[in-house]
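Peer 1: Each chain is listed here by its residues.
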Amino acid sequence: MDFSFTEEQNMIRDSLSRLIKDQYDWETRNKVITSESGWRPEMWAQFAELGILMAPFSEEDGGLGGNAVDVMVVMEEFGKGLVVEPYVPSVVLGGGFLKHAGSTAQKENFLAPMMGGEVVLAFAYAEPTSRFNLNDVTTTARANGSNYVLNGQKSVVLGAPWATHLIVSARTSGDRFDDNGISLFIVPKDAAGISTRDYPTMDGYRASEVYFENVEVSGDDMIGAEGSALPLIEKVCDEGIAAISAEACGAMEIANADTLDYARQRKQFNVPIASFQVLQHRMVDMFIEQQQSMSMTYQVTLRLEEDEATRKKAASATKVQIGNSGRFIGQAATQIHGGMGVTDELRLGHYFKRLTLIDTQFGNVDYHLRRYANLAEGVVKAAAE
Amino acid sequence: MNLDFSPEDIAFREEVRTFIEENYPEDIKGKHREELTKEQFLSWHQILGKKGWSVPSWPTQYGGTGWTPTQKYIWSEENARADTIMPLPFAVSMVGPVIYTFGSQEHKDRFLPGIVDGTTWWCQGFSEPGAGSDLAGLKTTAVRDGDEWVINGQKTWTTLGQHADWGFFLCRTNPDVKKQEGISFILVKMDTPGVEVRPIIMTDGGHEVNEVWLTDVRVPVDNLVGEENKGWTYAKFLLAHERTGIAGVARSKRGIERLREIASTEYDNGKPLIENPDFAEKISKLEIDLTALEFTELRGLAAVAAGKPPGPESSLLKIKGTEVQQRLTELTIEAVGNYAAPYFRGFPEEGGNRFPIGPDYAHHALPEYLNMRKTSIYGGSNEIQRNIIAKAVLGL
Chain A
11 MDFSFTEEQN MIRDSLSRLI KDQYDWETRN KVITSESGWR PEMWAQFAEL
61 GILMAPFSEE DGGLGGNAVD VMVVMEEFGK GLVVEPYVPS VVLGGGFLKH
111 AGSTAQKENF LAPMMGGEVV LAFAYAEPTS RFNLNDVTTT ARANGSNYVL
161 NGQKSVVLGA PWATHLIVSA RTSGDRFDDN GISLFIVPKD AAGISTRDYP
211 TMDGYRASEV YFENVEVSGD DMIGAEGSAL PLIEKVCDEG IAAISAEACG
261 AMEIANADTL DYARQRKQFN VPIASFQVLQ HRMVDMFIEQ QQSMSMTYQV
311 TLRLEEDEAT RKKAASATKV QIGNSGRFIG QAATQIHGGM GVTDELRLGH
361 YFKRLTLIDT QFGNVDYHLR RYANLAEGVV KAAAE
Chain B
39 MNLDFSPEDI AFREEVRTFI EENYPEDIKG KHREELTKEQ FLSWHQILGK
89 KGWSVPSWPT QYGGTGWTPT QKYIWSEENA RADTIMPLPF AVSMVGPVIY
139 TFGSQEHKDR FLPGIVDGTT WWCQGFSEPG AGSDLAGLKT TAVRDGDEWV
189 INGQKTWTTL GQHADWGFFL CRTNPDVKKQ EGISFILVKM DTPGVEVRPI
239 IMTDGGHEVN EVWLTDVRVP VDNLVGEENK GWTYAKFLLA HERTGIAGVA
289 RSKRGIERLR EIASTEYDNG KPLIENPDFA EKISKLEIDL TALEFTELRG
339 LAAVAAGKPP GPESSLLKIK GTEVQQRLTE LTIEAVGNYA APYFRGFPEE
389 GGNRFPIGPD YAHHALPEYL NMRKTSIYGG SNEIQRNIIA KAVLGL
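Just so you know, the sequences run in chain order A and B.
Just add 10 to wherever you are in the first sequence, counting from 1, and you've got this note's numbering.
Just add 38 to wherever you are in the second sequence, counting from 1, and you've got this note's numbering.
Heads up, a few of these hints could be off.
[What the hints assert, rightly or not] Partial chain A-side listing against chain B, Cβ under 8 angstroms, derived:
hint: 1; residue: 11
hint: 2; residue: 12
hint: 3; residue: 13
hint: 4; residue: 14
hint: 5; residue: 15
hint: 6; residue: 290
hint: 7; residue: 297
hint: 8; residue: 306
hint: 9; residue: 309
hint: 10; residue: 327
hint: 11; residue: 330
hint: 12; residue: 366
hint: 13; residue: 370
hint: 14; residue: 380
hint: 15; residue: 383
[Unchecked claim] In silico DSS-like links for lysine-lysine, alpha-carbon gap of 30 angstroms or less:
hint: 16; chain 1: B; residue 1: 227; chain 2: B; residue 2: 346
hint: 17; chain 1: B; residue 1: 110; chain 2: B; residue 2: 412
hint: 18; chain 1: B; residue 1: 227; chain 2: A; residue 2: 245
hint: 19; chain 1: B; residue 1: 268; chain 2: B; residue 2: 291
hint: 20; chain 1: B; residue 1: 88; chain 2: B; residue 2: 76
hint: 21; chain 1: A; residue 1: 363; chain 2: A; residue 2: 31
hint: 22; chain 1: B; residue 1: 274; chain 2: B; residue 2: 76
hint: 23; chain 1: B; residue 1: 146; chain 2: B; residue 2: 268
hint: 24; chain 1: B; residue 1: 69; chain 2: B; residue 2: 88
hint: 25; chain 1: A; residue 1: 363; chain 2: B; residue 2: 89
hint: 26; chain 1: B; residue 1: 227; chain 2: B; residue 2: 216
hint: 27; chain 1: B; residue 1: 291; chain 2: A; residue 2: 245
hint: 28; chain 1: B; residue 1: 89; chain 2: B; residue 2: 291
hint: 29; chain 1: B; residue 1: 69; chain 2: B; residue 2: 268
hint: 30; chain 1: B; residue 1: 217; chain 2: B; residue 2: 146
hint: 31; chain 1: A; residue 1: 277; chain 2: B; residue 2: 429
hint: 32; chain 1: B; residue 1: 274; chain 2: B; residue 2: 216
hint: 33; chain 1: B; residue 1: 412; chain 2: A; residue 2: 245
hint: 34; chain 1: B; residue 1: 76; chain 2: B; residue 2: 89
hint: 35; chain 1: B; residue 1: 346; chain 2: A; residue 2: 31
hint: 36; chain 1: B; residue 1: 323; chain 2: A; residue 2: 363
If you're looking for bench data, these hints aren't it; they were derived computationally from the structure.
Backbone N, C-alpha and C fix where the C-beta goes; we use that ideal spot for every residue, glycine too.
Using the sequences provided together with the hints, build the complete structure.
Peer 2: Below, the structure is given as structure tokens:
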């Protein structure tokens, strides 16, 4: 067992932290998220230059040979700065699919330019009625010669407005909830038949509703084997969970620090409100939640490469922790800030919003508690048989 | 960063597992703490003493093993797996470290070997009827008279003091200064005239704790540990020391396993209780809390191994560890259902068959639940632990 970071990982943290401090200050971020495009491509280019877009990929694939721990380091800093550029959609999800299942040609055409920042990916999987179920896919991909024709709607595709390419889950066979019959395709966003409605999200990101109407895709653009994409989607989404858990930990750190500062400065009854024991204990509980969340983030990050059941349990357990802790910290921080906590003047509210939506991303507390319980119970049943 | 066990770690696990299998005393296997005699209580400690494994966390020159954090983790996992009764903390984790850190050479030579080999039973004399969370408000006095301290006062909550050979007591030696600055740490032989141990019976019906009355108890001045009036510093050191293990992670993991076994055996609506999704989710929630705690402890161990002293973050382990332990006993009562009710303590036993009613696992469910309420109260209540984090970590 080893909990230390490599020199490279420490370097990534230091330089990324400095870059965000220098170029991602609060006013700048606010201007960016309310601008027309909602992001800064030049910032993305700087991230590429820093090497973080290639950090978690093997040297063979043209990466730096890092792993999920590198992603954790990056995402914790992103969480502290509430960086909106699409690291999770493009690097963790998009890059994840290509890394695990991409053909040589796909890696060459998409993964390499993604690491350079020229190709930006987004993952279109959720549908208006699928909620968090990854196997609930009604978008269809009908075979047509060596091509496929996509039809359907994908919802709340994070990062899609900035993407050059989409990775789409679609049904090549089977019925709505079947585990089998789901396939993945990578398509240029400007392909004929794709239309989008782009919008800002409450936490400062951009997302799209994506409509596919008779979109022709080549069979060469299928990622992995036909009809068997679900296990891959689950794996990559678990990797996404690890990433946004680290992001949540960064956000929690700032929410807690801001709350401490505020409670020390704010005076009522002639004393700082930080002197009240009831608030001290609340802030201690916030600290504990943050620590436990960090521990769970380590846990899932270090278990992503273990067997499927262990990985899924680790991811669901972490998501439950992060969802509960994020809600507790967000609400308690707002409460201790009093009226100021509900204004848009402080950055706190933005951390609260991000923590709230992290719970929804990739499935909320209830969804993952059930998933965990089913997996744990499955183990018990198997042992009994 | 990784969770891998090295080949050495795997070999160590085999070694530990085999050693426990081959050496854990038959006559205490599967027994509840309540049922043990003093000799049985000490038997595993003594076996570990001979092996050199009774005080793993101590510095090696005093008998410590020098194990890595991973090895300590394996050690506690294996003991939990075999359900062993570990050496009590009063000697190994409390007075021992105080003596080797602050005691004289003579104290080290005299007292440490008995702790290492498990021949001396130590008890703690800290709390008083009027000094609980406000421990520094203690009133028991030690007055110097020639070559002796004369001790008068009353201590309480002294765990298993009925078996103790020695006790370590906090006594007021200077009433005229700030309350924290007039306390000394004094060792008392429990058979000294004037020491009286009276049982306190708890809600679970057990005799685990005691009152200790001290009336004109005379002990040699040499029984003072460290410096006079520095006892508060030693007490704080003691309470913060060796928090690894206080979280009880490995034991709780085993407890959750057992809870799942119970829930697979008990029926609810004609189906195993474990198939009731509400109950399954309660277990899952608890297990998730425990996983977070486990990794918090591992991070802490790694930090200590990297040279950081065990900090006030250990209060976190105490708070979350005891919450998990208590929740486990709550869910166990829920799981056993009606058979939580039968209670035999103090009633005539028939034919040596002490618990003839209901499944075995139900017998201790309610007593355990009642007993475990103590965990959020002792060792500095969980409210005091929050005060410690507020002050020492958050700087409030």
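Peer 1: Each of the hints needs a verdict: does it hold here or not?
Peer 2: Here is how each hint holds up against the structure:
1. Residue-level restraint check for residue 11 of chain A holds (minimum Cβ-Cβ distance to chain B is 5 angstroms; threshold 8 angstroms).
2. Checking residue 12 of chain A against chain B: minimum C-beta separation of about 5 angstroms stays under 8 angstroms; hint holds.
3. The closest approach between the C-beta of residue 13 of chain A and any C-beta of chain B is roughly 4 angstroms, which is under the 8 angstroms cut-off, so the hint is satisfied.
4. Below 8 angstroms, beta-carbon pairs count as interface contacts, and residue 14 of chain A has one with chain B at about 7 angstroms; its hint therefore holds.
5. Given the 8 angstroms rule on beta carbons, the hint for residue 15 of chain A holds: about 7 angstroms separates it from the nearest Cβ of chain B.
6. Here the hint on residue 290 of chain A is kept, as its CB sits about 4 angstroms from the closest CB of chain B, short of 8 angstroms.
7. Of the supplied interface hints, the one on residue 297 of chain A holds, with its beta-carbon coming within about 6 angstroms of a beta-carbon of chain B, less than 8 angstroms.
8. Interface hint status for residue 306 of chain A: upheld, as the beta-carbon distance to the closest one in chain B is roughly 5 angstroms, under 8 angstroms.
9. Annotation: residue 309 of chain A was flagged as interfacial toward chain B, and the flag holds, the nearest CB pair being 5 angstroms apart, inside 8 angstroms.
10. The beta carbon of residue 327 of chain A comes within 4 angstroms of a beta carbon in chain B, closer than 8 angstroms, and the hint placing it at the interface holds.
11. The criterion of a C-beta within 8 angstroms of any C-beta in chain B is met by residue 330 of chain A, whose closest approach is roughly 5 angstroms, and the hint holds.
12. For residue 366 of chain A, the shortest C-beta to C-beta distance to chain B is roughly 20 angstroms, which exceeds 8 angstroms, and the interface hint is violated.
13. A least Cβ separation of about 19 angstroms between residue 370 of chain A and chain B goes past the 8 angstroms threshold, and the interface hint is therefore violated.
14. For residue 380 of chain A, the interface hint holds, since its Cβ comes within 8 angstroms of a Cβ in chain B; the closest pair sits about 7 angstroms apart.
15. Checking residue 383 of chain A against chain B: minimum C-beta separation of about 4 angstroms stays under 8 angstroms; hint holds.
16. For the hint linking residue 227 of chain B to residue 346 of chain B, the alpha-carbon distance of about 36 angstroms lies beyond 30 angstroms, and the restraint is violated.
17. In summary, the hint linking residue 110 of chain B to residue 412 of chain B is supported, as the alpha carbons are separated by about 26 angstroms, within the 30 angstroms threshold.
18. Between residue 227 of chain B and residue 245 of chain A, the direct Cα distance comes to roughly 62 angstroms. Violation of the 30 angstroms bound is thereby established for this hinted pair.
19. Restraint check for residue 268 of chain B and residue 291 of chain B: the C-alpha separation of about 39 angstroms exceeds 30 angstroms, so the hint is violated.
20. Restraint check for residue 88 of chain B and residue 76 of chain B: the C-alpha separation of about 18 angstroms stays at or below 30 angstroms, so the hint holds.
21. For the hint linking residue 363 of chain A to residue 31 of chain A, the alpha-carbon distance of about 21 angstroms falls within 30 angstroms, and the restraint holds.
22. Simply put, residue 274 of chain B and residue 76 of chain B have alpha-carbon atoms about 29 angstroms apart, close enough for the 30 angstroms limit, and the pair holds.
23. Under the criterion of a C-alpha separation no larger than 30 angstroms, the hint pairing residue 146 of chain B with residue 268 of chain B is consistent with the structure, at around 18 angstroms.
24. Between the alpha carbons of residue 69 of chain B and residue 88 of chain B the distance comes to roughly 23 angstroms, so the proposed pair stays at or under 30 angstroms and holds.
25. Our distance criterion of 30 angstroms between C-alpha atoms is broken by residue 363 of chain A and residue 89 of chain B, whose separation comes to about 56 angstroms.
26. About 29 angstroms separates the Cα atoms of residue 227 of chain B and residue 216 of chain B, which keeps this hinted pair within 30 angstroms; it holds.
27. The hinted pair formed by residue 291 of chain B and residue 245 of chain A meets the criterion: a straight-line CA distance of about 26 angstroms does not exceed 30 angstroms.
28. With a C-alpha separation of about 26 angstroms, the suggested pairing of residue 89 of chain B with residue 291 of chain B holds against the 30 angstroms cut-off.
29. Taking the CA atoms of residue 69 of chain B and residue 268 of chain B, the gap is near 41 angstroms; set against the 30 angstroms cutoff, the hint is violated.
30. A C-alpha spacing of about 28 angstroms is found between residue 217 of chain B and residue 146 of chain B, which places the hinted pair at or below 30 angstroms, so the restraint holds.
31. Only pairs whose Cα atoms come within 30 angstroms are accepted, and residue 277 of chain A paired with residue 429 of chain B is accepted, the gap being roughly 19 angstroms.
32. The hinted pair formed by residue 274 of chain B and residue 216 of chain B meets the criterion: a straight-line CA distance of about 16 angstroms does not exceed 30 angstroms.
33. Between residue 412 of chain B and residue 245 of chain A, the direct Cα distance comes to roughly 43 angstroms. Violation of the 30 angstroms bound is thereby established for this hinted pair.
34. Between residue 76 of chain B and residue 89 of chain B the CA atoms are separated by roughly 21 angstroms; this keeps the pair inside 30 angstroms, and the hint holds.
35. Distance hint between residue 346 of chain B and residue 31 of chain A is fulfilled; the C-alpha atoms sit about 28 angstroms from each other, no more than 30 angstroms.
36. Our distance criterion of 30 angstroms between C-alpha atoms is met by residue 323 of chain B and residue 363 of chain A, whose separation comes to about 25 angstroms.
In summary, the numbered hints that this structure violates are 12, 13, 16, 18, 19, 25, 29 and 33.
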